[in-house]
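Protein chains in written order, with the UniProt record's numbering: chain A, 1 to 378; chain B, 1 to 290.
Worth flagging that the hints you see were computed from the coordinates, not collected in a lab.
Glycine included, every Cβ here is placed at the ideal spot set by N, Cα and C.
There's no promise every hint is true.
What the hints assert, rightly or not - Facing chain B, according to a computed beta carbon distance under 10 angstroms, are these residues of chain A, among others:
no., residue
1, 36
2, 88
3, 255
The primary structure of each chain is shown beneath.
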Amino acid sequence: MKTFLTTTALVALGLAAPALAEIRIGASISATGPAAFLGDPELKTLEMLVEELNAKGGINGEEIVLVAYDDNGDPNKARTFATRLVEDDEVVAIIGGTTTGTTMSILAVAEDAEIPFISLAGAIDIIDPVKPFTFKTPHTDRMACQKIFEDMQKNAITKIGMISGTDGFGASMQAQCKAVAPDYGIEIVADETYDPKDADMTAQLTKIKGTEGVQAVLNPGFGQGPSIVTRNYKQLDVGLPFYQSHGVASDGFIELAGAEAAEGVRLPGTALLVAGLLAADDPQKPVVDAYKAAFEEKTGTPVGTFGGYAHDAFLILTDAIARAGEAEPAAIRDAIEATTGLAGTTGVYSFTAEDHLGLDLSAFRMLEIKGGQWTLVE
Amino acid sequence: MSELLQFLLSGVTVGAVYALVALGFTIIYNASDVVNFAQGEFVMLGGMITVFAHAAGAPLPLAALAAVVATAGLGVAMNKLAIEPARGAPVVSLVIITIGASIFIRGAAQLVFDKQIHSFPAFSGDDPFRILGATILPQSLWVIGGAVAVFIGLWLFFTRTLLGRAVLATSNNRLAAQLVGINTPFVMTLSFALSAGIGALAGVLVTPITMTSYDVGLALALKGFAAAMLGGMGNPKGALVGGLCLGLLEGLTAGYISSQYKDAAAFIVILAVLFFLPQGLFGRKSTDRV
């Protein structure tokens, strides 16, 4: 009887919800667990933006309600929460999937229920092949490889050594870089790996340093691994151009690796990281400045690329709902797909029926660390 | 030649980290036959408390001391709150309790501190020493020195002091130890305090090299445990030699075979050693009377 009552109450609540003129948006984010350092700023960003938007009167006069769950980085939980968001919470769209694993679970549920879903994870498989209801905000690791190789090409580098983390991010980017390297006339002559929790990578770097013809070194990875690699690189005095991935594009990297060791390191990063250096007429400048100021005031911690992904997902979604004029999943989906030239923190988004990522290589800025600061390479 | 030397120095750096963690397992194991799987969390706490105390303005030596003392206190609390109430339980149950404690400490650390990666400056700067074309960081020497100092301290404690022997006696036969007047609850408390303190000291020394975050404990404990098993559980000499062997194996495999097989090669050697010497390289032969 009690169960029956609770169920009725839930159903009643669920049915009553749309009548209150509110738009329910769901989120499943890894705010704790192994991907917490990604999910934590993402959730804080979403909560902050919802509050901001409601203070301004919501979308077309309707209040936004964020139903957020913490999936702990566990794909099974993500699946459960996605189902709950669709069936119990009756949301009109889902943001989330901090990691590729959780994204894949949510994706299946969202596609089944025909609810628009904007993922915050990196892998290219999420939107390739295109699925009707799934979009994503972060650029892919393939694009990061292409951006780095473009820069190498400009500097007449043709033979490189790679040292990659064996975690999901490092391994995926390693594979993508190896796949696109021939397009840029680049040959990978040394290919080493390290465990993300290793304490010392001098053995691998010594091997790369000793390989005939290496002109530059590339280190795909995130977490503390790349900082240790960077320190060891300096320790061994390798002296070749050194490229990191977008996985460490944050001020924390310079701090952990030390300004001295990080000197001259190049990596593809987003506009958010170099907010102060953007040209006054840069289309991303207003949105980047506004997000940076709001987030840093609210949380007291510096903005990062990952919170920016959540910011852009929310921006794309609310922009689409406003244009659709109604909070119906199918209409929202069509409106998202029709987005053109929407400036976010990560890049300028233009979706099409064939492209559910909406970014090109211009979303990445090539950055170099000089004197402990980020600088733009042009 | 300089390549070989660099591989060796890399191995020694990593090995000294493992050895220092492995030494922390020794005391609790000797007192109670329990492998304390929260040992990695003690190492994490050593690093994290130092980071946050240092950031709050305390000078580094003071922050480090505070971390060691606070962690030792936590070790005592863990013994009083989790291990002692389950006094009569078999060793396996106690081991499972320590796993629970480690999950609890990791979760609490996430809330009390944060989820970011941290580090603090190396004690003697970052300029590497050059030896015949190979390099080693000064902090690695601190870790090696720390491991040797802890080893000597433990060896003297277990062989030269009455208290150390009381710890060993408690492990051999708790009832008999009580009958000859050893205060066994005190021995247990002491062993948790010392183990936690050594773990925290390890955390303080290795953080400038490995960096720290709330979840580093698991990986460190796993390698430290492997090192302790290789050397012989409970023997300080075994922990030191086991740690260094494991590090050198990894360094040389990464250098001469492939970094892909680094961990696999190390664990294959450990399996082979345990197959022929089940007690590890320096483990005591256990003779159970039935």
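Verification of the supplied hints:
1. 36: 4 angstroms, holds
2. 88: 27 angstroms, violated
3. 255: 8 angstroms, holds
Of the numbered hints given earlier, the model fails hint 2 alone.
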